[in-house]
Amino acid sequence: MFSRFDYYAPQTLNDAFAALSKNGNARILAGGTDLVVNIRSGKIKPSLIVDLKKIKWLSGVTKTDRGIEIGPLTTMNELAESSLLKGPYSLLSYAAKIMGCYEIRNRATVGGNIINASPGAETLTPLTVLHASVEVSGNNNKKLIPLNKFVTGPNNTVLSGGEIVTKIILPFYPQLTAGYYMRRARVKGMDLASVNCSVLVVNPNNIEKCQVRAAFGTVMPTPYRSQKAEEILSGKKITLDLIKQAASVINSEINPRATSLRATPEYKRFMVEYFLKTGLSKILGVTF
Amino acid sequence: MKIKFKLNGELKTAEIVSYMTLLEVLRDTFGLTGTKCGCGNGECGACTVIMNGHPVRSCLILGVEADGSEIFTIESVSANGLSDLQKAFLEEGAVQCGFCTPGFIMAGEALFKRTQNPTDEEIKIALGGHLCRCTGYDAIFKAFKKVKVKKTL
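Each protein sequence line maps, in turn, to chains A and B.
Position one of the first sequence corresponds to residue 1 (this note's numbering), numbered consecutively onward.
Position one of the second sequence corresponds to residue 1001 (this note's numbering), numbered consecutively onward.
Hints listed in this document are in silico derivations from the structure and should not be mistaken for laboratory results.
Note that beta-carbon positions come from the ideal geometry of N, C-alpha and C, so glycine has one too.
Take the hints with a grain of salt, since some may be wrong.
[Unchecked claim] Derived DEER-like restraints, expressed as beta-carbon distance ranges:
no., chain 1, residue 1, chain 2, residue 2, range
1, B, Lys1124, A, Lys237, 53 to 63 Å
2, B, Asp1084, A, Asp191, 27 to 37 Å
3, B, Glu1070, A, Asn14, 24 to 34 Å
4, B, Cys1039, A, Glu231, 44 to 54 Å
5, B, Gln1096, A, Gly189, 14 to 24 Å
6, B, Gln1096, A, Pro174, 49 to 59 Å
[What the hints assert, rightly or not] In silico DMTMM-like cross-links for lysine to aspartate or glutamate, where the CA-CA straight-line distance does not exceed 20 Å:
no., chain 1, residue 1, chain 2, residue 2
7, A, Lys97, B, Glu1121
8, A, Lys97, B, Asp1120
9, A, Lys54, B, Glu1070
10, B, Lys1124, A, Asp191
11, A, Lys237, A, Glu253
12, A, Lys53, A, Asp6
13, A, Lys43, B, Glu1043
14, A, Lys188, B, Glu1043
15, A, Lys53, B, Glu1070
16, A, Lys56, B, Asp1120
17, B, Lys1002, B, Glu1015
18, B, Lys1004, A, Asp6
19, A, Lys188, B, Glu1121
20, B, Lys1124, A, Glu266
21, B, Lys1012, B, Glu1043
Isolated chain B, as found in the complex:
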């Protein structure tokens, strides 16, 4: 099937089979391997991308469902250097193995688009479904708080 959609700001078309996930289309058809497949069941958050302005799990969406949509992946975030959130992750040591990081960053970029000044509760809700087995979340939470402080100064 033919799909036509906006990927990281550019109009793209692809010929794909109907039984591929959006995650597979991004990684295998377009070579955008920054988006990770952790669990493949929507539990871990590593495959989070932004679709039509909302963060979603690309492993639970069919590639053909992307037709006509606008999608941003982790590759778009650092197109012009690291984002504030990515810098904060480095400063707070919020990255170890890094596998979950693209998902956390995409959830965060979407959060800061929704609100410039999220409450602790809103940050926790945004991070809620993301699993990190290395850092224990505290550093990640602090990185989010740091961006928040910067943005509201």
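The following block holds chain A by itself, in its conformation from the complex:
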């Protein structure tokens, strides 16, 4: 059924780097829910699969002095159930909880989700508004890249062949910071998002310090945030009029592609105001 490939499951990161540097046509395997589908369809034809799952420290959610650190091999169900992803981070665990279906969520990983970088990837907009950084390790170096610089286009990241994502790091937030993840799909059950959005309000209880962030999926090749729209909504009492202004700014900046299988550009544009209104209303507990 498959094109032929070799399989290697290293016990350490150094062994993984060694295997990747020896084989230019190697692919990294995490959960496999995208990779195996792409191999079967012939979209990719790797000669070596490097399975990272035996490197146990690449999995799990921990709290350190850097923030909340998420191992790239953490599964969607583990994100959904993590006791550390509450409060400001709960929109991420909610997004993980509605991705795919239960069995997929037992395998699909957050690292795989961001590296596959589908424009509607479930974890991308939550991680974007949470200002996630991606720790990328190479053979002899390690660097931290902000998520919005990490993802460069559909199925594209800055990751080079020999590099491995070793952490996803979320900064700490003031206690009352809250977020909300929303998506629309063609069916209620298992489907990719036609359009999705994450809204985060930092300091919702303090009008002067209140900062609104909103990231939209599938309206541009990568998750889209409008600095201008966020400025309109931040630092003041939010009204329906401000939301309409922000939505109109976003709509003047985005360019949803017409060839999407899941939603028309008109629908995605219509959803911008709806998502902002719903997200802010859920977070702030007011109706607009």
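Following the hints, position chain B against chain A.
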């Protein structure tokens, strides 16, 4: 490549090629044809097995990834007669062509291991990614509810 794993409670070894799915290993190497291949892309749920305690799609897992794991297939469920869920499926008429049934049963067995008393929402989440083109899901949902009632009495 050599793999060694626990299959339906028994330690097994096999010599397999690295480019086989777990589903192919179960069906072709071990002859356990109760697990079905519906779509082969993780969309339909017919190939669901329980791996290390979690229900997973065996068509999206490489056979070599099973090395060191513990796997239960539909054959293990009725090893000592029908399970409560299987009986409920029969009583509710939740089976027609039967192709999707092993997947639904495995999702259900895993659900009832996680929780004895699932809410309607939890049942729907467990069934979410399983496709049935005959019964229309209502009978399947009722069968799950019936087990739930039995288990909490």
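Going down the list of hints, with the structure as the test:
no.: 1; hint: B/Lys1124 with A/Lys237: 53 to 63 Å; in the structure: violated (39 Å)
no.: 2; hint: B/Asp1084 with A/Asp191: 27 to 37 Å; in the structure: holds (32 Å)
no.: 3; hint: B/Glu1070 with A/Asn14: 24 to 34 Å; in the structure: holds (29 Å)
no.: 4; hint: B/Cys1039 with A/Glu231: 44 to 54 Å; in the structure: holds (46 Å)
no.: 5; hint: B/Gln1096 with A/Gly189: 14 to 24 Å; in the structure: holds (20 Å)
no.: 6; hint: B/Gln1096 with A/Pro174: 49 to 59 Å; in the structure: holds (55 Å)
no.: 7; hint: A/Lys97 with B/Glu1121; in the structure: holds (13 Å)
no.: 8; hint: A/Lys97 with B/Asp1120; in the structure: holds (16 Å)
no.: 9; hint: A/Lys54 with B/Glu1070; in the structure: holds (15 Å)
no.: 10; hint: B/Lys1124 with A/Asp191; in the structure: holds (15 Å)
no.: 11; hint: A/Lys237 with A/Glu253; in the structure: violated (24 Å)
no.: 12; hint: A/Lys53 with A/Asp6; in the structure: holds (16 Å)
no.: 13; hint: A/Lys43 with B/Glu1043; in the structure: holds (18 Å)
no.: 14; hint: A/Lys188 with B/Glu1043; in the structure: holds (14 Å)
no.: 15; hint: A/Lys53 with B/Glu1070; in the structure: holds (15 Å)
no.: 16; hint: A/Lys56 with B/Asp1120; in the structure: violated (35 Å)
no.: 17; hint: B/Lys1002 with B/Glu1015; in the structure: holds (4 Å)
no.: 18; hint: B/Lys1004 with A/Asp6; in the structure: holds (18 Å)
no.: 19; hint: A/Lys188 with B/Glu1121; in the structure: holds (13 Å)
no.: 20; hint: B/Lys1124 with A/Glu266; in the structure: violated (32 Å)
no.: 21; hint: B/Lys1012 with B/Glu1043; in the structure: violated (29 Å)
The structure shown violates the earlier hints numbered 1, 11, 16, 20 and 21.
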